[in-house]
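Asker: Sequence:
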Amino acid sequence: MTLEQWLRQSALPKNEARMLLQYITGYSRVQLVTQGDAEMPSETAAKLEAVAQRRLDGEPMAYILGEREFYGRMFTVNPHVLIPRPETEHLVEAVMAHLPQGGKVWDLGTGSGAIAVTIALERPDAEVRASDISSGALQTAQSNAQYLEAAVEFSLGSWFDVDRPSEPYSYDVIVSNPPYIEAEDEHLQQGDLRFEPPAALTDFSDGLSCIRELAAGAPQYLKNGGWLLLEHGYNQGRAAREILKANGFVKINTLQDLAGLDRITSGQWSA
0 MTLEQWLRQS ALPKNEARML LQYITGYSRV QLVTQGDAEM PSETAAKLEA VAQRRLDGEP
60 MAYILGEREF YGRMFTVNPH VLIPRPETEH LVEAVMAHLP QGGKVWDLGT GSGAIAVTIA
120 LERPDAEVRA SDISSGALQT AQSNAQYLEA AVEFSLGSWF DVDRPSEPYS YDVIVSNPPY
180 IEAEDEHLQQ GDLRFEPPAA LTDFSDGLSC IRELAAGAPQ YLKNGGWLLL EHGYNQGRAA
240 REILKANGFV KINTLQDLAG LDRITSGQWS A
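The numbering of the sequence shown is numbering that gives the first Met the number 0, which starts it at 0 and goes up by one.
Treat the hints loosely; a few may be bogus.
To be verified - Derived pair list, reagent style DSS-like, types lysine-lysine, alpha-carbon separation capped at 30 Å: (1) Lys222 to Lys250; (2) Lys46 to Lys13; (3) Lys244 to Lys222.
To be verified - With beta-carbon atoms standing in for the labels, derived distance ranges: (4) Pro85 to Arg28: 19 to 29 Å; (5) Pro40 to Glu166: 21 to 31 Å; (6) Pro40 to Ser142: 27 to 37 Å; (7) Asn223 to Gly65: 38 to 48 Å; (8) Asp56 to Gly135: 17 to 27 Å.
Bear in mind the hints are in silico, worked out from the structure with no lab data behind them. This one's a predicted model, so the numbers in the text were calculated from it and none came from an experiment. Just so you know, even glycine gets a beta-carbon here, dropped at the ideal spot from N, CA and C.
Could you put together the complete structure from these sequences and hints?
Answerer: Written out as structure tokens, the structure is:
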């Protein structure tokens, strides 16, 4: 079978079939065209069928390929971490808008490190810290930081309880994209979410418990005038604002994503 024949007969969408073909053969898109009539070795055909079946079974392309683009850079991803989404780029931009020159930022629940690494690269003047409760996720984030040459300090632990304690009242920005899907949400059993780490998706409760914990703990680490920025579900803007208000934050605001849906809520800490 030739490359072109395999591409034509694949049950996958053509763009996905082409991506897998490039992944297995190492060919560029141009090479797939110029060498489309070449016969595939049986070993290549077997590898292609294996990865195609994984995709047909629903496994995310990002996990199969082992990478996903975020803010113009490629990040290694695997089942230890969430797949970075475009809407989280808005969170990065919001952080940079609130981060003063030479400022200090802490990304809690960093996952792949997409947020922390991007901030460190876009704002080399800043001091960036990232933490996660998952050692597998933290290793992935550290690998991404090393590959992309980003200066990020990493620590292991649950939210503010980490193995390398941080100095109180020292951060200009604390940021997180926490687990915010409700435990019974049907979307957890659909699409890519079926393959992503459950503990990074849901709090196994009402979807707001991590937001409550972050809002309660952040004032112990924020400078006076510092900011807490949180990504959340499209229907959680009002609840997030109420939680920040109840914990003493001011200048609370919710930003929408490109679809016009509530996505990020921020608040300033004023002692």
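Asker: Are the hints correct? Go through all of them and say.
Answerer: Each hint tested on the structure:
1. Of the pairs offered as hints, the one joining Lys222 and Lys250 holds, with about 15 Å between alpha carbons and a cut-off of 30 Å not exceeded.
2. This hinted pair checks out: Lys46 and Lys13 have alpha carbons roughly 18 Å apart, not beyond 30 Å.
3. Straight-line distance between C-alpha atoms of Lys244 and Lys222 comes to about 17 Å, which keeps the hinted pair within the 30 Å bound.
4. Here the CB-CB span from Pro85 to Arg28 is close to 22 Å, well matched to the stated 19 to 29 Å.
5. For Pro40 and Glu166, the Cβ-Cβ distance of about 58 Å falls outside the hinted range of 21 to 31 Å, so the restraint is violated.
6. Separated by about 31 Å at the C-beta atoms, Pro40 and Ser142 satisfy the suggested range of 27 to 37 Å.
7. The beta-carbon spacing between Asn223 and Gly65, approximately 43 Å, falls within the hinted interval of 38 to 48 Å.
8. At about 22 Å, the CB distance of Asp56 to Gly135 agrees with the hint of 17 to 27 Å.
Hint compliance for this structure: hint 5 alone is broken.
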